Amino acid sequence: MAGVQVANLSRSFGAHKALDDVSIDFADGGFYALLGPSGSGKTTLLRQIAGFDFPDSGRIAIGGESVERVPVEKRRIGMVFQNYALFPNMSVADNVGFGLSVRGQAKAAIESEVLRALDLVQLGKLGARRPHQLSGGQRQRVALARAIVTKPRVLLLDEPLGALDKALRVDMQIELKRIQREIGITTIFVTHDQEEALTMSDRIGILRDGRLVQEGPPEEIYDRPKSEFAATFLGDANIFRGETTGTGIRLPDGTAIAAGAGATLAAGARASCAVRPERIRIGTDSGTSDPNANMLRGQISKRIFAGNSSTYFVDRDGQTLKVIVQNTGVEKLAEGQKVVLHWSPESTVLIAAG
Amino acid sequence: MAGQVATGSRRGLRSALPLLLPAYLWLTVAIFLPLSAMVFFSFMTELPLSGKAWSFTLDNYASFFSQPLYLTLLAASLRLGLEVTLWCVVIGYPAAYVLAKVLRGRSREAIFLLVILPFWSNGLVRIFSWAMVLREGGILDTALNAVLPFKINIDLMYSYPAVIIGLVHSYVPYMVLTCYLTLQAIDDSLIEAGRSLGASRLQMLKRVIIPLSMPGLVAGAALIFVPVVGSFMEPRILGGRTGTFYGTIIEDQFVAVFNWPLGAALSFILLAVVLVILALASPVLRRAA
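The listed protein sequences derive, respectively, from chains A and B.
All the letters of the first sequence, read from the start, carry residue numbers 1 to 354 under the numbering used here.
All the letters of the second sequence, read from the start, carry residue numbers 1 to 289 under the numbering used here.
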């Protein structure tokens, strides 16, 4: 096991900068998600760490050892591919044992290691099957077993759950997390699914256009996004744009919004405030005794019922705000109704204009 | 449920009949009828031309077994087929690999064109151009002597290697195309997965790429081996006196000696031998594929 350090990594394909001066420290034993839209460079970064492609400049170290010019077969990494990439001409057991057998290990040793790995992913009895006889979730487990049986220093996962349906994906998230904890391997996980990134990882790195936008624990990124992009890409956010007053912003119509967190900015600069939809209270009157609370009036344009919660879209001065309310059975607000929105400054993050 | 499926497939067959019919009609007229006539000829004593008397006989088949020359030539032809097939694998497979897995876009199209170019040229023209290249004082001889500081004599014309060269050139595109198709179907991520597990390129080739492209190798080998065993044009023109093979003997019976019954009998013996070989090999090949 080992940590991974990436420093000032850049890689261009023609005129396209796929990675632009990216530095991240992946701690030993951590579960790290690389999150970003397609084309953000997250897969390029993973392939650089794996060694399928070499950087134009910058450093990659695995366990303190520089590897940026070491080819993939010598890096001792484990990788799980989006399409699983199981060898169709081999049985499940031979797939899992492939990494051991190309290292020239003895047959008996390989067999017992393969059984252990298959047990770990709860496929102990399926060693004799062929990949095409397995379900998507089972193939995923085989791919995982194959990647970890060689005791790699790092486990790299390229959107491994992308091809699974929703229910199976949630199962596999839990399973993957359990296995990762059990063997304590440094894991780097590429995904474009923000929910997956939030629920699974210890730390998240958000990429956009080849640059690292923000990096930190999920709670920190969610509660303290440093850019509008981070705020809207990881979770939902209502964004207010205006002129900063130092502790908040003033909207073009003069309404002040106080922020309890985020950047410290000189008064007068362009800035935004981000508020999560579930932090906003909605009602027919102000319903709060807090004199510092932010308050806005608006009209419900749409209500979407989602079982345990409802989402209200509230129109206010040309802007549509999103509010999510748990369905406790008390509030009954209808479309077209005039409402008051309020939320605390602590739930408001001040963001420098990008 | 099962009944529904059955009626469904029956209806499918009926509607497919108009599509199948032209092909089968053509096959019947163009292959089955002449072939049946040949079977008939092979049991005759004489061609029934210009009122010659004829009767049924097994002599044509018997002469194959009574004259050791035929067996020797058949063995030589089988060996020729094997060697040409092997050379086509050695030359064609790496080319197919590069085409399928290394080259992209424009350069792939260009190289592809070069590979299938022999298909578009006339077989005789192809063989006679090789004659120009291989003979003493020919293109190869002149070119090598122009470059090398010492004098060498290259005269490959009318030799076994010349026959091999000509046949490999004619048939290597089959191997490239069949292998290209199976190699291209191999997902690149399989190769990446193998490398991430620590496999060297050679190990990947041996344990993943060759097994997965086996169907292409087998198809290519069958497409090459069968016609090469019966080939006569390349052996005759490039091989000269050394180019006497089973195929040229059959050709002689039809065009020179005018003994069609014997030629037909020798052809069917060849067909039987090739079928037996393919049948014997098929369990091995099927397992590999």
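Bear in mind the hints are in silico, worked out from the structure with no lab data behind them.
Warning: the hint list may mix true and false statements.
[Unchecked claim] Derived DSS-like pairs: lysine-lysine, alpha-carbon spacing no greater than 30 Å straight-line:
(1) A:K107 <-> B:K52
(2) B:K101 <-> A:K17
(3) A:K226 <-> A:K17
(4) A:K338 <-> A:K322
(5) A:K74 <-> B:K52
(6) A:K125 <-> B:K101
(7) A:K177 <-> A:K125
(8) B:K206 <-> A:K151
(9) A:K226 <-> A:K177
(10) A:K74 <-> B:K206
Note that the coordinates shown come from a computational prediction; the quantities given were computed from them, not determined experimentally.
Hints, one by one, checked against the model:
1. A:K107 <-> B:K52: violated, 74 Å
2. B:K101 <-> A:K17: holds, 25 Å
3. A:K226 <-> A:K17: Measuring from Cα to Cα gives roughly 23 Å; hence the hint holds.
4. A:K338 <-> A:K322: holds, 15 Å
5. A:K74 <-> B:K52: violated, 80 Å
6. A:K125 <-> B:K101: violated, 36 Å
7. A:K177 <-> A:K125: Answer holds: K177 of chain A to K125 of chain A is near 22 Å, not above 30 Å.
8. B:K206 <-> A:K151: holds, 24 Å
9. A:K226 <-> A:K177: holds, 28 Å
10. A:K74 <-> B:K206: Holds, because 19 Å separates the two Cα atoms, which is no more than 30 Å.
Checked against the numbered hints above, the structure violates hints 1, 5, 6; every other hint is satisfied.
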